[in-house]
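**Student:** Given next are the chains, with one letter for each unit.
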Amino acid sequence: MIHASIAELRAALDARSLSAVELATLFLDRIERLDGQINAFITVDRERALRDAEAADAAIAAGRAGPLTGIPLAHKDVFCTEGVLTTCASKMLANFVSPYDAHVVARLREAGTVMLGKTNMDEFAMGSSNENSHFGPTRNPWDVSRIPGGSSGGSAAAVAARLVPVATGTDTGGSVRQPASMTGVTGIKPTYGVCSRYGMIAYASSFDQAGVFGATAEDCALVLSAMAGFDERDSTSLDRPAEDYARDLRAAADPDRPLAGLRIGLPREFFGDGMADDVRAAVEAAIARYRELGATTVEVSLPNARLSIPAYYVLAPAEASSNLSRFDGVRYGHRAARYADLDDMYRKTRAEGFGAEVKRRILVGTYVLSHGYYDAYYLKAQKLRRLIADDFAAAFARCDVIAGPVSPTTAWKIGEKSDDPVQMYLSDIFTLAVNLAGLPGLSLPCGFGAGELPVGLQLIGNHFDEARLLNVAHRYQQVTDWHQRRPALAE
Amino acid sequence: MSLSLADIHNIATLARIELSGDDAAATLDKLNGIFGLIEQMQAVNTDGVEPMSHPQDCAQRLREDRVTETDRRDAFQRIAPQTEAGLYLVPKVIE
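Top to bottom, those sequences are chains H and L.
So the first sequence is numbered by my numbering: it starts at 1 and just counts up by one.
So the second sequence is numbered by my numbering: it starts at 1 and just counts up by one.
The following block holds chain H by itself, in its conformation from the complex (with noise of 0.2 angstroms):
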């Protein structure tokens, strides 16, 4: 049962063969006993989740189930959860009790979903190896000597090793497709705008985006459903007509052939020297694959693409400058126990809150966007998002959508990038411009690296085109084993 679908298990709920209870305890038994060898969980609440359980037992029983009802998920803790702790695996909010939801958190209750916990990430959101946790390093469940990827890395892991079936992420510069990626999990990020942030604590406000994590691209499209959707508390979420993302899966198509017509587009600019070999055979492979499968590749460019790093991490630090202030120490969250007046008060907080990551974009965000220093920076950087956005609208005129790898390497050894900050962000060449434009993008696992390490294919979409992206997964998946592969753990 651990390795079932979530169609699997509802139809097994439905017919009353398994619980939601019984479902539930599984998971959760299974995260006590394995979770040690990881730390993908920073809060477990089983109290909780077997009440919620029970009340899924009930909707089932009265005939009200829905899609998701007593399927157990775990959420990142970046979202808000009422009553339950949410640290943004930082210090500064150890011991913070959420007063309220999410509205991802709260779409994903109504849903009849069970949530076990809180799963590990790297502190605010910031990093991509899930090393800067306040909760200690998530071990990819592949290797535990290496990293999971980030920032939700715990969520990757946690679904990695099934010890939940599905969970939640963020992705503000990769962060659900690169551990996505490095755990072997599929893993999508939607269009800017489609999933609400309220309660989602903030890192990047023109970046930051809910995500879902699963083995399958199905998986993920029936729980994108049901996160997705407008929400007036959002003052940047889209009000649009519901989309149910997994109806392009359901459609019939030659068998043979089930992508014919759809054009892939290769950025020559990702598949120039940027890739470990063993990253670009499994990349290459999985598109010869989708050339089998009926689609045609076309070379498209994003020229500018290059310049994600610098404009992402300009742009990204400001915002997380501003976003950040909000932790002084006064309404909630870590204060300083000593301090001289009030200005202290905040320098200690701060400084003793925040890891050495958190600081170091918050400082960055502040220079960039200091007098004498925004033009060239801050105002640059914009513009080079503009470019960026142009380049992929460019593309996106000649194919429908763009592959390529996700990250230039499989997962390294914990500890190995994390003494230089730089190396860490040149990581992120492949994942970034696509939060620059707001597009949607998705990891599926497409084989394997050295040393048996997973490696994801990057698919990017076009503004919208969600099921369209989940369904490209999800026929490649009807014909390779790569999502049913599972790490090895000490059980």
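Treat the hints with care, as some may be off.
Stated by the list, open to error - In silico PhoX-like links for lysine-lysine, alpha-carbon gap of 25 angstroms or less: (1) Lys30(L) / Lys91(H); (2) Lys30(L) / Lys417(H); (3) Lys92(L) / Lys413(H); (4) Lys91(H) / Lys417(H).
Unchecked claim - Just the calculated beta-carbon pair ranges, DEER-fashion: (5) Arg63(L) / Leu379(H): 49 to 59 angstroms; (6) Asp65(L) / Gln484(H): 53 to 63 angstroms; (7) Asn10(L) / Met1(H): 50 to 60 angstroms; (8) Arg63(L) / Ala94(H): 49 to 59 angstroms; (9) Arg233(H) / Asp47(L): 33 to 43 angstroms; (10) Arg63(L) / Val422(H): 40 to 50 angstroms; (11) Ser20(L) / Arg398(H): 48 to 58 angstroms; (12) Leu62(L) / Met1(H): 44 to 54 angstroms.
No lab work stands behind these hints: they were computed from the structure.
Yeah, the Cβ is synthetic: ideal placement off N, Cα and C, and Gly gets one too.
Once you've looked at the hints, dock chain L against the given chain H.
**Tutor:** Here is chain L on its own, set in the frame of chain H:
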């Protein structure tokens, strides 16, 4: 664009983050590395390019000027470090 120790201290003051002597030196080093990366932006001519602040160029939505929030002060203050009579307590500012 190379920052100095004085720059770091200025930025830390603006950001309200206390930075000790040792921390400041280490931070200076790492930040100069990051700014080296950011300098790559200057290689591209962006004259005449409109800045983009929102990925779909949307403007902020406006709403009616009506009170819609409920008073949840008790719930919110339950988790505050120090409160009294519905107020948040901080060190004295006004002498």
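**Student:** Broken hints, numbered, in rising order?
**Tutor:** 3, 5, 8
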